[in-house]
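Peer 1: Heads up: the protein sequence lines correspond to chains A, B and C, in order.
The C-terminal position of the first sequence is numbered 174 in this note's numbering, with every residue numbered one higher than the one before it.
The C-terminal position of the second sequence is numbered 1174 in this note's numbering, with every residue numbered one higher than the one before it.
The C-terminal position of the third sequence is numbered 2251 in this note's numbering, with every residue numbered one higher than the one before it.
Treat the hints with care, as some may be off.
[What the hints assert, rightly or not] Computed cross-link-like contacts, SDA-like style, restricted to lysine to any residue with a CA-CA straight-line distance of at most 20 Å:
#1 C:Lys2180 x C:Lys2104
#2 C:Lys2119 x A:Ala86
#3 B:Lys1090 x C:Glu2157
#4 C:Lys2104 x A:Ser166
#5 A:Lys117 x C:Arg2099
#6 A:Lys10 x B:Gly1064
#7 C:Lys2104 x A:Leu164
[As the list claims (entries may be wrong)] Stretches of chain C that chain A covers, calculated by requiring three or more beta carbons in the stretch to come under 8 Å of a beta carbon on chain A:
#8 2105-2115
#9 2122-2128
Derived by calculation from the structure, the hints in this document are not laboratory data.
In this text, a Cβ means the ideal position worked out from N, Cα and C, and glycines have one as well.
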Amino acid sequence: MGILFSDEIKAAIECLLFVANEPLSVEKIAEITQISSRNVRILLGEIQQYHQGRGFELVEIGGGWQMCTRPELAGFVEKLYRPKAATLSKAALETLAIVAYRQPVTRAEMEEIRGVKIDGVLSTLLERSLVQEVGRKSTPGKPILYGTTVEFLRYFGLNSLEELPSPEYLAAGI
Amino acid sequence: MGILFSDEIKAAIECLLFVANEPLSVEKIAEITQISSRNVRILLGEIQQYHQGRGFELVEIGGGWQMCTRPELAGFVEKLYRPKAATLSKAALETLAIVAYRQPVTRAEMEEIRGVKIDGVLSTLLERSLVQEVGRKSTPGKPILYGTTVEFLRYFGLNSLEELPSPEYLAAGI
Amino acid sequence: MEYQVKLEVFEGPFDLLFHLIEKNEVDIYDIPIAEITRQYLEYIETMQVLDLELASEFLVMAATLLSIKARMLLPKEPKLSGGESPDEGADPRDELVERLLEYKKYKTVAEYLGDLEAKQGRVFSRPNDAENFFNLFDDINPLEGLTVLDLVKALQEVWSKSKEQGEKFQEIPREEITIKEKMDEISSMLNRRSRGISFHDLFAHQAGRTEIVVQFLALLELVRLQAVIVRQTVVGGEIMIYRREENKAAN
Chain A
1 MGILFSDEIK
11 AAIECLLFVA
21 NEPLSVEKIA
31 EITQISSRNV
41 RILLGEIQQY
51 HQGRGFELVE
61 IGGGWQMCTR
71 PELAGFVEKL
81 YRPKAATLSK
91 AALETLAIVA
101 YRQPVTRAEM
111 EEIRGVKIDG
121 VLSTLLERSL
131 VQEVGRKSTP
141 GKPILYGTTV
151 EFLRYFGLNS
161 LEELPSPEYL
171 AAGI
Chain B
1001 MGILFSDEIK
1011 AAIECLLFVA
1021 NEPLSVEKIA
1031 EITQISSRNV
1041 RILLGEIQQY
1051 HQGRGFELVE
1061 IGGGWQMCTR
1071 PELAGFVEKL
1081 YRPKAATLSK
1091 AALETLAIVA
1101 YRQPVTRAEM
1111 EEIRGVKIDG
1121 VLSTLLERSL
1131 VQEVGRKSTP
1141 GKPILYGTTV
1151 EFLRYFGLNS
1161 LEELPSPEYL
1171 AAGI
Chain C
2001 MEYQVKLEVF
2011 EGPFDLLFHL
2021 IEKNEVDIYD
2031 IPIAEITRQY
2041 LEYIETMQVL
2051 DLELASEFLV
2061 MAATLLSIKA
2071 RMLLPKEPKL
2081 SGGESPDEGA
2091 DPRDELVERL
2101 LEYKKYKTVA
2111 EYLGDLEAKQ
2121 GRVFSRPNDA
2131 ENFFNLFDDI
2141 NPLEGLTVLD
2151 LVKALQEVWS
2161 KSKEQGEKFQ
2171 EIPREEITIK
2181 EKMDEISSML
2191 NRRSRGISFH
2201 DLFAHQAGRT
2211 EIVVQFLALL
2221 ELVRLQAVIV
2231 RQTVVGGEIM
2241 IYRREENKAA
2251 N
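Produce the complete structure using the sequences and hints provided.
Peer 2: Following this line, the structure appears as structure tokens:
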């Protein structure tokens, strides 16, 4: 890529980010724009800076890059859309917490920790694509192992599982 | 509106334009942001200038304002979406199968067979020119009857609907 | 007089126990088991009085608490001279505390995730309608890679999912069917068959759900009018429907 083209390529990347319905990986952008991943990252940085503090910003989320509105402006979006606030139940969040930190984990292990049956909650999490089957445990009965999904990361605005703080850290902070 | 707030209000308008799926009228924006139409117009002008020549621009269209990608960049959008365009969802394919074999068929009949609402799927099939309206049923409410299109035959390389395997053959189990 | 019952809903026995520990401001490593057990049982009792659904796990925990309480009341076993009991010093509460702490870990994380969820719920991405873009491109084949066989497979799947198999490929003049017509139909069928007709056969050739329902309502109406007799001679056996006169003659 010649440096002369960077403005046009930057516009192309911005355009892609604008029309995409999901976070775009650096590799995907590189493939479409035919420039190196390294250059994509540089241009993403410039685009991010350009939109900083405006109506929508470029954020790294779920292993990709996506244009998102700023949380402070949610009130305006709600006036336009009145979106549904289908937040997760306490039971679902507790179960999800176990999956996130103990994955891969079986249903029995989750039930052991929470001290209750989790049938309904687990199917909710599966339906909402926050949790998925990731394999089978090599113990008698070969129980299904569960893990979190990319949607899980997006839903909570995380880029990777490493961004989750340790329970000890959280406990100390609260 | 105090002039001091204009940056935040500008961000709010940008945010609204970003999440809206259709052109927003000046009045609508004024109503949501609680500023005068005159000020909305001034800020729209500033926003338009800011995005000029980048990946997407603010254009006045159909009596409102909308963020649109630049036509020159359509090639990139196509590279992103073409792979998606060539795949029909399972729900769409199932609905298409019902239309193919039961035509002419009403929406209610399709929904009864599939056991779910098919609004979205049906409009996809209509937009992709796989299904078309073929008349009205002479029952109360005169529901629209749907059938397959010439494109449907062409995509499958069929000369006529008679070339579709018969339902009896199907029932025998393949 | 007006009074209010404020009853928190707990996600499980651990959740409830935690609430009690926090409410009483006691040390989790030194739970006053008698008092906590009393409050725990009180809560369960309230739930039962109010006839609220109570997961069996709550009762299991109640039993566990009572067992711990009982063990705490037992006098310490006298030390055997010379040897030390491997159980020495073991607190009956240890296992419970361990499980509570493990649970607490995830409860904390759950609260954190709840905060993230609330924050992320205020962030919106652009809801692009992909269909809008598809229309921009020429010569897109939405059925690329699919064959007629895939269509057939899709239909088979719909078919197997649909409860009324085999009915879907005939035209169903649903709107025209009335109970009266069905009653007449059944009566004339029974007139032709002196030995009656089986319930199964009566419904075998009905075209769809609506027709089956109408047929059934018609049959009920005939029963009510005592025009037909419905009999089942063996439990679980075939149900037979007879015209009333025929039935009398048969007996």
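Peer 1: If a hint holds in the structure, say so; if it does not, say that too.
Peer 2: Status of the hints after comparison with the structure:
1. The suggested pairing of Lys2180 (chain C) with Lys2104 (chain C) is violated, with an alpha-carbon distance near 66 Å, which exceeds 20 Å.
2. With a CA separation close to 13 Å, the supplied pair Lys2119 (chain C) and Ala86 (chain A) stays within the 20 Å bound.
3. Restraint check for Lys1090 (chain B) and Glu2157 (chain C): the C-alpha separation of about 10 Å stays at or below 20 Å, so the hint holds.
4. Between Lys2104 (chain C) and Ser166 (chain A) the alpha-carbon distance is near 13 Å, which keeps this suggested pair within the 20 Å criterion.
5. Of the supplied pair hints, the one linking Lys117 (chain A) and Arg2099 (chain C) holds, its CA atoms being roughly 16 Å apart against a limit of 20 Å.
6. Annotation: proposed proximity of Lys10 (chain A) to Gly1064 (chain B) is violated, straight-line Cα distance about 27 Å (limit 20 Å).
7. With a C-alpha separation of about 17 Å, the suggested pair Lys2104 (chain C) and Leu164 (chain A) falls inside the 20 Å cut-off, and the hint holds.
8. Coverage of the segment 2105-2115 of chain C by chain A holds [criterion: at least 3 residues with CB-CB distance below 8 Å; count 10].
9. For the segment 2122-2128 of chain C, the assignment as covered by chain A holds, since 7 residues bring a beta-carbon within under 8 Å of that chain's beta-carbons and 3 suffice.
The earlier numbered hints that this structure contradicts are 1, 6.
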